[in-house]
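K.L.:
First to last, the protein sequences are chains A and B. Per the UniProt record's numbering, the first sequence starts with residue 1, numbered consecutively. Per the UniProt record's numbering, the second sequence starts with residue 1, numbered consecutively.
Don't take each hint at face value.
Claimed, not checked - Stretches of chain B that chain A covers, calculated by requiring three or more beta carbons in the stretch to come under 8 Å of a beta carbon on chain A:
1. 200-212
2. 215-221
What the hints assert, rightly or not - From chain B, some residues computed to sit far from chain A (all C-beta separations above 12 Å):
3. Cys46
4. Arg64
5. Ser70
6. Pro285
7. Val287
Calculated directly from the structure, the hints in this document are not laboratory data. Think of the CB as a built atom: it goes at the ideal place given N, C-alpha and C, for glycine as much as any other residue.
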Amino acid sequence: MPRVQFEDIIKTYGRVTVLKNLDLAIDDGEFLVLLGPSGCGKTTLLNLLAGLLDVTAGRISIGGKDVTDLDPKDRGLAMVFQSYALYPTKTVRGNLKFGLAAHKLDAAETERRIGWAAKLLQIEALLDRKPAQLSGGQRQRVAIGRALVKKVGVFLFDEPLSNLDAKLRTEMRLEIKKLHDDLKSTIVYVTHDQIEAMTMATKIAVMDAGVIQQFGTPDEIYSRPANLFVAGFIGSPAMNLRPATIAIAGGKVAARSAGVDLDLTNYPYVTRPVDGQDVVIGLRPEHFGEPGASVPDPAGMFSLPVQYTEKTGGDATAYLKFGDSLIATRVDPEQIGRFKQGDTIQIAFPQGKAHVFDAQTGRWL
Amino acid sequence: MSSIAEASLNDLDGIRAPRFPRKPKGITGRSIAIIVFLSICAAFFCVPLYVIITTSFKTMDQIRQGDIFSLPAPFTIDAWWSAWDNACSGITCTGLKVGFFNSLAILFPSLVLSITLSAVTGYALALWNVRWAGGFLFVLFICAFVPFQIIMIPLIILSSGLKVYGTVWGIALVHAVLAMPILTLIFRNYYKGIPQEIMSAAMMDSGSFWRIFREIILPMSGNILIVVLILQITSIWNDFLLGLTFGGLGTQPMSVVLANVVITTTGVAAYNENMAAALETAIPPLVIYFVLGRFFVQGITAGAIKG
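Isolated chain B, as found in the complex (with noise of 0.2 Å):
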């Protein structure tokens, strides 16, 4: 062994054999206690998921016999389709599709307006003199941690007041206003990452508030604009209480929509239908996360911008 071992050394360029090679580092007892407990913590997570999965493809038939565990036979995508298209939620039968879209519609002015609102008041609060930014700081951090069942019917009444209850736009604006505070600590923390003289040498060059968010901070902003994107659409795909109490009939989100399919029962409890729901619903942000999760973990992490 020794001799294979000195060989393969001996064959890189200009490096001769060394006096003193390292012992391979063998597998401990540590280290699988580690990997059995690390085992069974996925397990927790996975097994639950392989259930979901497995039924969603299966007919019926298969489901009645008990099995949960079995692998489908026959493998059907009729449940995922059905739960698509015409699943009945309450008494109208037109499946997620309607909530699908309604969670789009609700998803996109709220992260427009959410983040580009607290990005502009991150970027004034960390890098301008604003006239009791501290005291304005405070209060955005005591409003980051109101619960929002306690300002739910309030908001209702605002709501209704600017005529937006019951539709998707009031539910992206209640979104976007319930996001702002967290949001706008979110950036004002990064921008105050931002090296002091960078924005002095913006000040002598433009001096112009917007121009130097526009040319100079939004382009540094790539790694917290992902976060910020993940967080939201996350919290805003999930989140149910907002749609419900705030969205109409035909305005709810998928979350709602999805609710309903599964507690509306005529007859037998469609478990492949309900079980295909729920992972249609989950896909948006699991896609979300596959996609930007590099730049999330990049994002996160980056503290110092270096020049």
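One chain only, chain A, in its complex shape (with noise of 0.2 Å):
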């Protein structure tokens, strides 16, 4: 049984559409990942399982329970806002305390959970600070305390970690996966940022548009994105993605575009192309590698100069000019060195690495 359910959820603010139709299910102890572009809906859909906004029309259930109609505060969550939330004028443990405003609990229940979720995030040196003696790290964690002492079954995170410092956000991100691991809780996250969504998640929503155009494990995702939006959204550098037409010659299918056939023969098709059609064709930065050794059976060659190149550490990204537009490609950073601006290299794509995207509705072939 789904612990989270959304079923058929409209949002509407005047004439503008935030939210169309949109289902989803989330099991128990599922880490799900709201992924998308901003304005594309996940927010306004977490604040409406939290019940800050209205639906227009639709229904949310949590563990069965039909909670479309009751307070936020009756409908068994806990949420960790972006810009934390604290209350600035009470300590760490009046917030903590606060957290279980509508638990009416005692007084000994209420230290015990503040103690334990004091020890579980380390901040049991800080519970008589206020929020503007800590830094950034710390209120974060006061956040995710605020919401752990409620011991509900959902936590919500509307982009926790958008506000820290990239090394904070590193640690942070590993933190909230051990907590996820640890308390086995369903957890309904919000990000724009896929490499959380990707660390994170046991499944991903991708949105768009109001629209869930994926909903998947991260591996499924990445590997067999449903559409073009999912395609050029997730990875980084972005999927080089490739107006072709398809030509099919003596049994072999090939994708052509500017000048270069790559083949497709072998492609798991889930609907038979037919010559002469327009595809996309999307090809990931980091399976392109050089002729013969990386590459023993290309699918294709290119032959295409360098316009520039990318040095981020470990990783190298040399983008070529190809027709009127540019594809990107992952390179052995070692070998960055010798590729010069204008000179033309060459550079396979293997078998059966390649997406087909039908130009018209954008979705998987």
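Using the hints, put the two chains back together into the complex; each one sits in its own frame.
P.N.:
Next up, the structure:
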């Protein structure tokens, strides 16, 4: 039985429709990440679940119970906010205590829970400080603590790490993941950061324009994107998407783009391609390689001039001019020094790694 | 000169003499003009104040000599005492003290009433979904600009219907009612500046209107409470018209008693007593300004609340 279920959710503001007939079910113990660009409706969806916004139409149930018309405090949820939203005039202890305001617990149990959460998050030494005296990472821990003390089954996170610096973000990411493993609770986590989504989630729902574009495990979403939006959104550098035309000749299927043929004979088509069909091919930067050694049986060979290169420590990317646009290829950072602007280099793309999308519908073929 | 400057800089730990020292800024013609202008402005207020203060400490004999700028000789506080204790307003000669205590009796209930009501209303309008909140705000806005004189007669009829006309409670109530629109708008705008997420967190944690107000919002309102307090104390203490029209015999506030003291003249005008009475009436708001003024500036400049 799913713990959290959205059924036919519609949310409109005046004439603007934010969520369109959305259905989503989250199993017990799942770590669901709602991922999408700004304005895709992911935070709206979270606020609807929290009860901070009302649905225009639809039903939300938690643990089989319809909560659509319940107040936020009665839904059995806890939420961590992007700006931490700590009460500035209360101490850390006071903040955690107010987290239990609607729970009507006796003093001993309240203290026990505060002690437990403080120990788990290593904020015991900070209990008598005010939020203004804490660093960003500490505030984030307190905000998580205020959610933990409630001991509810479902935790909501609204971009909790986006106000932290890169190093702290990595640390907290691991810690939230660890908390989920320890507590086995259901987590709904909103972010626009695909690294967070890929590293933490057990399931990802990629959203765009108020619609869930794909719902699946991180691996599924990465290796089998359902449509062009997901393909372009997941992955950094992004997948190279090129318009192409299907050419079928003598039992061989190929996609032709800017004079280069890419062999797609062994591609696992959902629907049979037609000769002359317009498609979009997606090629991940990391699949490109040098002809010969690393790609013994290439599906396509490209001979392209280097436009510019980027080096980020352990990674390097070369941008090559292909027709009137650029394609990104992952290259060995040791080798990138050889690539000069304007040099033409040979690269190969292996068999069975390309993605093909219908140019009209944007769907995976 | 330069060697001294270098020596003093060399004394600083770990800093060598700067290669590009900055020239000290001298006094320019522009700053002289500003200083002169400001001095004239200051004199405009200070000269009458000087005359009032010195006169209040003079004897009537010295005042009759006609030199208003002279210092008091002999120096006496008789006028201050008689203005407080036995100056005549009309036929009663009990001084300002009756008015002082009336003013206090008006001040406290109307402060409590107006600030409590407007803080809660402002909180509800700013942070909760109130039906017709927009229309209600518009009405408040209009009300804040209705002059008291227009509604004075109906208010007198209303308050006599409520059997509070002529009592200090009546004056306090009318003060509170008249202050409500503007105070509610002030509180509402202040609470609008509280981050939405804090309110959302409170909704998830407690969800209780009163508990959130008491535990979260009220403790965050320190600055604006000081602002409103100063605003209200000053306006209630300095009010004359309302005290005059709503006050009965023996329930008039200090400002009305002061006016009567100054107007009532038997024989010679007692300038020293009048000046002392005026100063005594002006002291309470001044004290409030000196004590709370620091917070006042913080309060009106505090826009957003940082976590």
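K.L.:
Which hints from the list above does the structure break, by number from lowest to highest?
P.N.:
When the structure is compared with the hints, none of them turns out to be violated.
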